[in-house]
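Visitor: Sequence:
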Amino acid sequence: MLKIIDDWEFNVLGVYNYHQPGPFDALFKFVRDNHDKMEGDLVESGVYRGKSLLGMAMMLKELGSDKKVYGYDSFAGFPPVYNSKDDLERFDDLLAEGLITQDHKDAVKKNIEWRNALSSQEQTVKNISSSGDFSGTSLDLVNKKIETLGLDNIILVDGPFHETMTEEEAHPEKIMAVLMDCDLYQSYLDTFTFTWPRMVNGGMIYLDEYYSLKFPGARIATHEFIKGKQAKLKQHPLKKGDFERWFLIKEG
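Per the numbering used here: the sequence shown ends with 256, consecutive numbering throughout.
Since the hints were derived computationally from the structure, they do not count as laboratory data.
Misleading hints may appear alongside valid ones.
Quick list of in silico lysine-lysine cross-link-like pairs, DSS-like style, CA-CA up to 30 Å [what the hints assert, rightly or not]: (1) 243 <-> 148; (2) 65 <-> 231; (3) 243 <-> 33; (4) 231 <-> 7; (5) 130 <-> 65; (6) 7 <-> 65; (7) 149 <-> 65; (8) 89 <-> 65; (9) 109 <-> 7; (10) 7 <-> 233; (11) 109 <-> 149; (12) 233 <-> 41.
Estimated spans, in silico, between C-beta atoms of each pair [what the hints assert, rightly or not]: (13) 93 <-> 24: 31 to 39 Å; (14) 67 <-> 145: 35 to 43 Å; (15) 241 <-> 86: 16 to 24 Å; (16) 24 <-> 134: 35 to 43 Å.
Source: prediction; values computed, not measured.
No residue lacks a Cβ here, since even glycine has one placed at the ideal position from N, Cα and C.
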């Protein structure tokens, strides 16, 4: 494996710098603390350009772990058909149902207003992210990064989740941790349905969009799925000004 140390090297290669504080601290600490205590591989749903996927694979190598990281993505951006539960108006429903706070809803409104002011297009789920519809990637790009870094512990699974998250495609038998970074309602549900039965007890699902100013479907899907399941929803401790970070622990 190529050894990179300085922050600029991580930036140039597009790798998450797990040596520095960042949004995935809770996930990386969980894996660092438990990789030799828990069975199972790792899954990332929503690879995009591979930043967090590559960082996780590199850290596992540094730890001397033989765990694999499975990365699921279409590498073509958002699907052509959207679920209505991804509409920005669904934040109103979340507030009415007590699933987000008024402060959260106010931040959503401000985010939309500011983005509308700086754009010639009305903000929708298709364009509200700074990455657009996430089509600015390719399987070839991520494979080139894997080759450059000399990593052999990544398995990429290319295609829509409903086609690739199946018994027929490459998949881990057991899972200790999942990074859900796939934004949309159906993508979250597909990932939950596929990974939950394979999760070991005590395993973590890191929910990158559970607190989001752009994608209400992720929180809707999370609450729909965990209803009646032995799952504990937890928030990573906040420092002043931090964005909220949430994850699930499987308890049975």
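Visitor: For a quick check of understanding: which of the numbered hints are violated here, in increasing order?
Guide: 1, 2, 4, 5, 8, 9, 10, 11, 14, 15, 16
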